[in-house]
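> Protein chains in written order, with the numbering used here: chain Y, 399 to 750; chain W, 399 to 750.
Calculated from the structure, these hints are not laboratory results.
All values derive from a computational prediction rather than experimental measurement.
Do not rely on the hints blindly, as some may be mistaken.
Any copy will do: because identical chains look the same in the list, a pair fits if it lies in one copy or spans two.
Using 35 Å as the maximum straight-line C-alpha spacing, the simulated DSBU-like pairs for lysine-lysine come out as follows [stated by the list, open to error]:
#, residue 1, residue 2
1, K532, K735
2, K651, K537
3, K429, K735
4, K735, K651
5, K532, K651
6, K537, K735
7, K429, K651
Protein chains: 2
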Amino acid sequence: MPDPIAPEGWSCPLALSNYPTIVMGHGTGAKLSSDLIEHLFVPAFRNPILEAMGDSSVLDLPTGRLAFTTDGHVVRPLFFPGGSIGELAVNGTVNDLAMAGARPLYLSAAFILEEGFPIDQLSQIVTLMAEAAKRAGVKIVAGDTKVVERGHGDGCYITTAGIGIVPAGRSVGPDQAQPGDAVIVSGTIGDHGMAVMSVREGLEFETQLTSDTAPLHELVERLFAAVPNVRALRDPTRGGVAATLNEFASRSKVGVLIEETALPLRPEVQGACELLGLDPLMVANEGKLIAVVPAECVDAALTRLRSHPLGERAARIGTIVADHPGMVVMQTSIGGKRVVTLPIGEQLPRIC
Amino acid sequence: MPDPIAPEGWSCPLALSNYPTIVMGHGTGAKLSSDLIEHLFVPAFRNPILEAMGDSSVLDLPTGRLAFTTDGHVVRPLFFPGGSIGELAVNGTVNDLAMAGARPLYLSAAFILEEGFPIDQLSQIVTLMAEAAKRAGVKIVAGDTKVVERGHGDGCYITTAGIGIVPAGRSVGPDQAQPGDAVIVSGTIGDHGMAVMSVREGLEFETQLTSDTAPLHELVERLFAAVPNVRALRDPTRGGVAATLNEFASRSKVGVLIEETALPLRPEVQGACELLGLDPLMVANEGKLIAVVPAECVDAALTRLRSHPLGERAARIGTIVADHPGMVVMQTSIGGKRVVTLPIGEQLPRIC
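Just chain Y, same shape as in the assembly (with noise of 0.2 Å):
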């Protein structure tokens, strides 16, 4: 006898009950297309302005100066300690408008999905979308679904362009860094890109790794409330801490000088890192942020930083200097310097 139906176990939104896998139809603009939208991504991600349904969704904005920008989103695994792509997707493009000190307001999401991915898992890493847009204060507005034959995929990939407002009188850039100014990040380094890696390479350790997946606008406004003229800001995703670092060192012709001691580490990414031959600088961070401020705002920026639950860590890991432009060197802990490269093969493929 089957199970009887037990509607108080369902969740919204609903998985599409004919279609347990996406199917090459789902990606036609034609009838399953539209089931997909309408019983899928609208119930998740419901606002008055995607259900328009038009071709583009239109917006009334506040004034003043738009940022704008897109990431591609292709971590694998899909799920792991601390979030998913789901979350990624959203708080990555949430972050990139952030660090250009602009509010986010809309996001938009294009999924390329492979034939064959189970819908239920479709259908939670769009509730998890939802919720980290809900959590960032920020509204998914517009969408497109394309599927591709099996073999040609991964299951999932997201890519999202978000918009949002620069309040007048910001202007941060990875060009504004000037001898004397402190550099600080705002908690520990590392834990997303462990985190993935951990679960990819099957490791177990005492504590488990965790991402540190979040979206930073609210401390990006706690920032620019202490110290408005921010210099330059950046959220060390792909390459970690030292492609930003290098990139400002380059971008605006100063040397980057910081001390090993000073970085916000966990023990557990530490030894993790040091397991499989990683440098925690190279290791990519989905929650933290690097910013550059004048020397005399840094004791403002650390306690505005700290009164947030995501800043708790935040620290000054060191200076701009005239010396050795476009290098970044660090004080080692054992006491002497080494240059910090940029990454330039391979370390973490995948990781966003």
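Please arrange chain W on chain Y, whose structure you already have, making use of the hints.
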């Protein structure tokens, strides 16, 4: 002896000579990613906003309501008669903006590349995108690149997002059609879908089928100049004219009555459709629009549309009716009537 270096044969943007194909490191946000950005994307899409290389692009916009849209592109093959994924990625998003009555301004482009994809093909695609953007009068101001392992992609997927400004007074939507209105198509239908299918199936015809991919923003401006109160506008891409008209019928709660003999259709497209058993109403277009306009404006609309090269074969194909709400009916050439349904399954996968 190796060939002498012959710089006169070089083209700009330069291929990245050290790596003839995409390697995983091109997607890691580190040195190789920078090379791709500096030597390929930025030279091709050159503009000061992109060159600022922040996490977001910051834009000054004319006042007005903002249109925002996104589209993923997974067309197979990447190059086909009349175009490539590059033109589709630009024109598709430009057209989605234009269909909201917006003037397209800025695009983002996110690439998901497969390990092993030839850099010279990427370079060709990027060059074609840059040319298409120039022709459409838009700037590509934000981008992203991810690389996936061999066997997890199909060379190159491109997701674009776009923003544009909707001039005051324009309000179009798929829910605005009213009984008595006229339905117009801007030219021959089915050209894009059959051009792609003919390459994919290896068909040969006396006349080569060519994609109609084109930016429709100028045509839309002419239409609004003639008919300020256009009711509904859409480019019939995936799902073709059938999907667009069904959406109008369902969203506006009206019937749509079209005449088969009024449909502009190239004989070679008709022939290819018959050969492959496809209904031209369900075949994708990439450079056509369907407009619903008040009946008294239909002559003015057609005159203006036909004055533009992309609208030369514009024609009235039908009428919005109060009968059979939610349903599209076609008066056939042999005198009968048939219901034009929304294609349910899979007619032409990966057509855009």
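> Hints the structure violates: just list their numbers, smallest first.
1 and 6
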